[in-house]
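Asker: These protein sequences, in sequence, are chains F and L. According to my numbering, the residues represented by the first sequence are 3 to 314, in order. According to my numbering, the residues represented by the second sequence are 3 to 314, in order.
Take the hints with a grain of salt, since some may be wrong.
[To be verified] Straight-line Cα separation of at most 25 Å, DSS-like style, residue types lysine-lysine; simulated pairs:
id	chain 1	residue 1	chain 2	residue 2
1	L	Lys186	L	Lys158
2	F	Lys139	L	Lys158
3	F	Lys158	F	Lys126
4	F	Lys126	L	Lys118
5	F	Lys158	L	Lys139
6	L	Lys139	L	Lys158
7	F	Lys158	F	Lys139
8	F	Lys118	L	Lys118
9	F	Lys118	L	Lys186
10	L	Lys158	F	Lys158
Everything labelled a hint here was simulated from the structure, so no lab data went into it. Quick caveat: nothing in here was measured; it's all calculated off a predicted structure.
2 protein chains.
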Amino acid sequence: MHKLLILSNQADEYLRLFQESRVADLACEATSSPEQAILRGIDCDLAFGEPALLSQVLPHLTGLQWMQATWAGVEPLLDPALRRDYILTNARGIFGAQMSEYVFGYLLTYERHILKRYISQQAKQWDETAPGTLCGKQIGLLGVGSIGAELARTAKHFGMRVRGYTRASESCPEVDIYFHPPDKLAFAAGLDYLVCVLPQLGATRQIVDEQLLAALPAHALVINVGRGSVLDESALVDALQSGRLAGAVLDVFLEEPLPPSHVFWRTPNLLISSHTAALTIPEAMVGVFLDNYRRWLRGEALRYRVDFELGY
Amino acid sequence: MHKLLILSNQADEYLRLFQESRVADLACEATSSPEQAILRGIDCDLAFGEPALLSQVLPHLTGLQWMQATWAGVEPLLDPALRRDYILTNARGIFGAQMSEYVFGYLLTYERHILKRYISQQAKQWDETAPGTLCGKQIGLLGVGSIGAELARTAKHFGMRVRGYTRASESCPEVDIYFHPPDKLAFAAGLDYLVCVLPQLGATRQIVDEQLLAALPAHALVINVGRGSVLDESALVDALQSGRLAGAVLDVFLEEPLPPSHVFWRTPNLLISSHTAALTIPEAMVGVFLDNYRRWLRGEALRYRVDFELGY
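This is chain F alone, in the form it adopts within the complex (with noise of 0.2 Å):
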């Protein structure tokens, strides 16, 4: 008999999921407390749940062997304070058909000039602009995991060209060219759209700096799906501002909820998403984690491990 121990915000239908299920062997303590969890999952060997909850009660898991994220990002687990003497498995390959028709829907967006029509329709006006297309542009994709391996599907599909920056793989056959630290400018040079889906990780601080950015063609359009901390946030309203660049699209941000006060909420032609562009379906979820305990209990490796020195 193994036990789990859920701690999530979402607890009380991770536990309808899980009972559903009907695992064998499994049984299952499902809290939103960090107070209650430690108290009763105290003898758990396996949990599940949102690393910020379960960053809290780490130290008071001394059975725990393997706990499944329930976020792509696992930064409050990365701690150096914290353990690091179990298997960690993070949330992949749910994201990606997601996170492809957010970004998608934004360039869309952006080529059919659909926010301008809809404001032209305020004012009654027949609006016959010329739409752009997707068709023949090029994508930069700034990271290329399980989510930009999709984007480069669906760029596929549009007609466009794709083009990665990766540490050092070179795994999906949908990019045309891959490019490597420290080429990141020549990667940038040419592009209509950069699309950041990188975590947060030391190596990934603030990428998008203002080299990056003076390095895009001026009617380039920047998204940002990966975390806050890789973009300049000031270089990027001081391209903005001055035309230097066309257009952005942010999901993540520094601090969330953006505060009222941020220069964002009016910076031109800068769209916010609220961290909304890829949420956590319970279901898929659930599935993930019912893969890997099925690979655990055949002793096999489990999918999605997070390395702590690569911080993914």
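Got chain F; can you put chain L on it based on the hints?
Answerer: Then chain L, alone, in the frame of chain F:
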């Protein structure tokens, strides 16, 4: 030597493209004026251009053998009072990609709440409304020609289920299930999105009527990129005003430009895109002509030939 009359509002651009293509044994006369065309095109055996202009000079083109229209819809040339003793080909195969970007741009705008989030942003509101998704949704294509087939392909890319409604053909492999007249209400039942790509014909007049709209679920979205005449405009207004239909996106109208007094300008949950869904790209259109011209010279059947009886 063949002689081609180019009659188009973009006559200069088309003439330049034809000259750059250096086609052998082809002399071009280009004008945007029907009066000029009557004077200069009298001995042309070939014609190229907009149906609304060419229909005005057709009786004078006594030597005409083949006409290539630059529109998909050729209604002006279908007037029973006009000659039909020539080969008419229309513009096909060049609109699918644009139509796909248009339709999925609006579907994603809707599911991702892009307009709603834009409005929230104006009020500096952090709007975490959960987005919807295309994945798993059911799209119904009213008309499955070359444009409908491209829409089906993109729908499958996004993990959707696809229904097609056609007169008889079932040739598109991306359509999961076909419906034919008179089963339009069965076709509509359970659709999340209804996309109309039908041409203007007697048989398609007001095919989207009160009954069809009532057969759709209340959460459904209707998109019309076919012709204004296929839709009962009053029935759509009633459905939207009463909340029996979630939304509509219209590119085409019975009267264009839409008059300022039209009720559509003040109908809730209706987006107007001012007949911009798919523009004729001159380079692509010249490519269609040249491909057909080579077939013509070799005595082969031309592509995209219009059946005057069917009207497409």
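Asker: Give me the numbers of the hints this structure contradicts, sorted from smallest to largest.
Answerer: Of the numbered hints, 3, 9 do not hold.
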